[in-house]
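Chemist: Start from chain A and add chain B with the ligands according to the hints.
Going down the list, the sequences are from chains A and B.
The opening position of the first sequence corresponds to residue 1 in my numbering, with each subsequent residue numbered one higher.
The opening position of the second sequence corresponds to residue 102 in my numbering, with each subsequent residue numbered one higher.
Derived from the structure by calculation, the hints contain no laboratory data.
Calculated cross-link-like contacts (lysine-lysine; reagent style DSBU-like; alpha-carbon spacing at most 35 Å):
(1) A:Lys14 to B:Lys354
(2) B:Lys126 to B:Lys454
(3) B:Lys156 to B:Lys201
(4) B:Lys175 to A:Lys97
(5) A:Lys99 to B:Lys156
(6) B:Lys156 to A:Lys97
(7) B:Lys440 to B:Lys137
So the chains spell out like this:
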Amino acid sequence: MSLNLTPDEKVDIKALLGATSYNFDDEEHAHITITPEICETCPHHMCMYACPVNCFTLVDGVMTFQYEDCVECGTCDIVCTPGSVEWTHPRGGFGVKYKEG
Amino acid sequence: MDEFDAIVVGAGMGGNAAAYRLAEKGASVLLVDRGKPIGSKNLSGGVIWGHELDKLLGSDWYKEAPVERPVTRKGVNMLTEDSEFSIGFERESWRSPPYKGWIVLRAKTDPWFASKVEEAGGMVVEGVNVESLAWEDGQVVGVEQAGETIRSNAVIIADGANSRLSIDMGLREDTGDQIPPHAGALGIKQIIDLGEDRINERFNIDNGAGVAHEYVCGWTEGEVMAGGFLYTNKDTISLGIVIKIDSLWNQEKVSHRIMEEFRTHPSIAKYIEGGKLAEYGAHLIPEGGLDYVPRRYGPGWCMVGDAAGFCFSNGMVIQGMNYAVGSGVRAAETVLEAKQAGDFSAKKMSSYKRALQNSYIWKDFERFSDMEEVVWNPRFHKTYPQLVEGIFTEMFTQDETPKEKTRDVVKEQMKRLGISPFTIGKDAFTAGKNL
Ligand SMILES: Cc1cc2nc3c(=O)[nH]c(=O)nc-3n(C[C@H](O)[C@H](O)[C@H](O)COP(=O)(O)OP(=O)(O)OC[C@H]3O[C@@H](n4cnc5c(N)ncnc54)[C@H](O)[C@@H]3O)c2cc1C
Ligand code: SF4
Ligand code: SF4
Chain A
1 MSLNLTPDEK VDIKALLGAT SYNFDDEEHA HITITPEICE TCPHHMCMYA
51 CPVNCFTLVD GVMTFQYEDC VECGTCDIVC TPGSVEWTHP RGGFGVKYKE
101 G
Chain B
102 MDEFDAIVVG AGMGGNAAAY RLAEKGASVL LVDRGKPIGS KNLSGGVIWG
152 HELDKLLGSD WYKEAPVERP VTRKGVNMLT EDSEFSIGFE RESWRSPPYK
202 GWIVLRAKTD PWFASKVEEA GGMVVEGVNV ESLAWEDGQV VGVEQAGETI
252 RSNAVIIADG ANSRLSIDMG LREDTGDQIP PHAGALGIKQ IIDLGEDRIN
302 ERFNIDNGAG VAHEYVCGWT EGEVMAGGFL YTNKDTISLG IVIKIDSLWN
352 QEKVSHRIME EFRTHPSIAK YIEGGKLAEY GAHLIPEGGL DYVPRRYGPG
402 WCMVGDAAGF CFSNGMVIQG MNYAVGSGVR AAETVLEAKQ AGDFSAKKMS
452 SYKRALQNSY IWKDFERFSD MEEVVWNPRF HKTYPQLVEG IFTEMFTQDE
502 TPKEKTRDVV KEQMKRLGIS PFTIGKDAFT AGKNL
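Isolated chain A (complex conformation) (with noise of 0.2 Å):
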């Protein structure tokens, strides 16, 4: 016995979204902004360990946020101690929907 996930396979996160609902609004109205000279400092980047959908990246050192696919677990806010991560609830009625829960 061992674990089936070797050290060097990938989880494929987008794959696993596919199971969940969303109703998504429009980008002018994200919940969730975060300001990118504000990550240029970050000690930790703990955004990118702590968020369960990847909704956040580094992209040629730049770090970039995702709206989408967030499932609204407010982790993020609770890990950026540097205070880039603003975030709200979205908009009634946006975001994701549970159908089991």
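Modeler: Chain B with the ligands alone, transformed into the frame defined by chain A:
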């Protein structure tokens, strides 16, 4: 005149319970939730332990409610990378009332619960995100939404773990804008569609029985601490993991990878093989206990459930729903008393705190603070699973060398892991005292 006796923000377990008690006793109540439909934002494990719902809705509530299965077998399991140590407990009497626990799916139970509020005469509005409370002369007089004020004598705040209303009220000033990392756990969950027959076969149960397994995830590298759970629904499995957020610091370990390691661990894979992923989600679990919420009532308001910090998890059990219902009912009763007296001042609302302190809820949370030290502790999550693995491996290995006495095996393994009998004794004592 105010439009409502009370507005309840959030139709989770806490808000639904509060609104139901208010409506049932003839108060005019508005229940507002940001999800559309209600329940679509809510994710739990989820076993409802305890009997608050029996008291509120009558002991037959489960006959009408969309519940999955009663818990008839509870298992606690320690996993290392390639071993599993399990303790199971099963009771025939758990198959019949009074049930110990019901396994539920919140996107199904919460809309049902809200429909009970409506039946009792409450008004329910979905898809509305309350932005802030409305204040007048230091008193809460309703809620604000899209520049409009909806007035009420009291507001019950039941907006869950990520309580934006708490932040809005300045109740989180000490901790920045959210709860501090050490007071939170991240829950990640997958629903796996297996079908009723396969579930019954693999867990050796019938339709009237259900299984709740908790796991200590001893395989995780570095300092990461996580607990897992597996609950049987009617035809799906609820599989998830709870990660202590501050234990992720400087570990370069991605949260969803830990979930996948759990899902593919041989001890789990054998149950869910051939299943299909039906939903993936995540939700915060507040577990700061009594400390990080500075106030739970004030002039014209009370706070209940996760928002008020009444949730406990230790990697072996998660309990929040029963406390949410229990605190919701007590808040509603405080509002009913205040309505009777025509007095919604902070002094009057303080009877909510007294009701909590006189109940098992407050006492449980005082007890939990000791417990936290034992269970969110690297010994519990790393050393003990390895110790158990070492002892059993030694004892069951036939390698033609003379067998040591069990006592010597235990001693040797403790030495290998650098842990003293005194420490184990102390942990066992604290755990025993609190379980
Ligand atoms: C992975 C996981 C497993 C768990 N397992 C268990 C378990 O097995 N047993 C158990 O007892 N507990 C468990 N819990 C804990 C339990 O789910 C919570 O303690 C419980 O749901 C708290 O109920 P609540 O009513 O306080 O909050 P919630 O159920 O979160 O409800 C809050 C409601 O408020 C609404 N809302 C929020 N903000 C606004 C706003 N501004 N305007 C309008 N509406 C708003 C939300 O849409 C939501 O409906 C688990 C939690 C997680 C994350
Ligand atoms: S934790 Fe905050 S500051 Fe650091 S990289 Fe992430 S968003 Fe930026
Ligand atoms: S709220 Fe949760 S899911 Fe959404 S971006 Fe933040 S960490 Fe990711």
